[in-house]
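Q: Chain residues, written in single-letter form:
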Amino acid sequence: ETGVTQTPRHLVMGMTNKKSLKCEQHLGHNAMYWYKQSAKKPLELMFVYNFKEQTENNSVPSRFSPECPNSSHLFLHLHTLQPEDSALYLCASSQGLPRGGETQYFGPGTRLLVL
Amino acid sequence: EDQVTQSPEALRLQEGESSSLNCSYTVSGLRGLFWYRQDPGKGPEFLFTLYSAGEEKEKERLKATLTKKESFLHITAPKPEDSATYLCAVQGISNFGNEKLTFGTGTRLTIIP
Numbered sequence: 001e002t003g004v005t006q007t008p009r010h011l012v013m014g015m016t017n018k019k020s021l022k023c024e025q026h027l028g029h030n031a032m033y034w035y036k037q038s039a040k041k042p043l044e045l046m047f048v049y050n051f052k053e054q055t056e057n058n059s060v061p062s063r064f065s066p067e068c069p070n071s072s073h074l075f076l077h078l079h080t081l082q083p084e085d086s087a088l089y090l091c092a093s094s095q096g097l098p099r100g101g102e103t104q105y106f107g108p109g110t111r112l113l114v115l
Numbered sequence: 116e117d118q119v120t121q122s123p124e125a126l127r128l129q130e131g132e133s134s135s136l137n138c139s140y141t142v143s144g145l146r147g148l149f150w151y152r153q154d155p156g157k158g159p160e161f162l163f164t165l166y167s168a169g170e171e172k173e174k175e176r177l178k179a180t181l182t183k184k185e186s187f188l189h190i191t192a193p194k195p196e197d198s199a200t201y202l203c204a205v206q207g208i209s210n211f212g213n214e215k216l217t218f219g220t221g222t223r224l225t226i227i228p
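From first to last, the protein sequence lines are chains A and B. Residue numbers for the first sequence follow the numbering used here, beginning at 1 and rising by one. Residue numbers for the second sequence follow the numbering used here, beginning at 116 and rising by one.
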């Protein structure tokens with residue numbers, strides 16, 4: 001397995017459900033990110049982790065709860081979501097924090113539908 | 116606040132018909148400009164990073180160029196497999212916290228056989 005992987009690839013959930021998205025990077029990177037991609041809108045940064053520590057929370061609602069147990073794994077716990085949260089959720093990683101033009105590498109994403 | 120505008124929003128070309136995609140940006144200081152390719156239902160795939168005006172990079176039929184206000188992604192003799200959405204992102208210099216990537220909305224390119 002190489003690069004950045006995400007599971008599940010597709011997820012349908014009700015507004016009262018609790019689910020988790022998983023991301024794993026096999027690149028030896030130290031920084032990991034969650035992005036949201038909605039139709040016709042630019043990618044929106046949600047969270048940034050560096051060496052397991054959260055360094056950025058881009059005013060994300062508390063119904064999204066990230067967890068980073070180590071530099072290779074990142075989770076996004078979801079609870080009581082709204083239909084407008086339906087989107088493609090992308091995980092990315094980079095060697096270090098986004099300074100000095102660090103390239104971010106993306107996973108395939110999880111397509112989330114909230115009913 | 117950093118801003119990125121990509122044009123056109125969509126572009127249809129015949130196979131072999133060369134063209135260019137535009138990415139106009141506004142940053143207080145540029146750390147880097149990134150080009151990604153995204154296929155439907157997949158994550159963005161990294162293509163190029165450009166760091167300073169005048170820089171150029173090439174990969175197969177793609178060539179990216181950079182000025183102080185915009186970047187172009189030139190596609191020479193495209194093939195149907197070049198069909199995708201091409202995303203541009205900038206990273207501006209910041210004295211406060213992380214230097215985030217600001218993305219454009221992309222150009223959806225379709226190459227017709």
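Since the hints were derived computationally from the structure, they do not count as laboratory data. Since we're looking at a predicted model, the values are computed, not measured. Glycine included, every Cβ here is placed at the ideal spot set by N, Cα and C. Certain hints may be false.
Below, in silico cross-link-like pairs of lysine to any residue (SDA-like), each with a Cα-Cα straight-line distance of 20 Å or less [said to hold, decoys possible]: (1) K36(A) with R152(B); (2) K215(B) with T7(A); (3) K157(B) with R63(A).
Computed Cβ-Cβ distance ranges for the label pairs, DEER-style [stated by the list, open to error]: (4) K172(B) with E67(A): 47 to 53 Å; (5) G156(B) with Q82(A): 21 to 27 Å; (6) E130(B) with M15(A): 41 to 47 Å; (7) E53(A) with S167(B): 47 to 53 Å; (8) H79(A) with G144(B): 21 to 27 Å; (9) K22(A) with A168(B): 36 to 42 Å; (10) E171(B) with K18(A): 48 to 54 Å; (11) L113(A) with E124(B): 34 to 40 Å; (12) E124(B) with E84(A): 18 to 24 Å; (13) N210(B) with N58(A): 41 to 47 Å; (14) E124(B) with G3(A): 35 to 41 Å.
Q: Hints the structure violates: just list their numbers, smallest first.
A: Result: hints 2, 3, 4, 7, 8, 11, 13 and 14 break, sorted rising.
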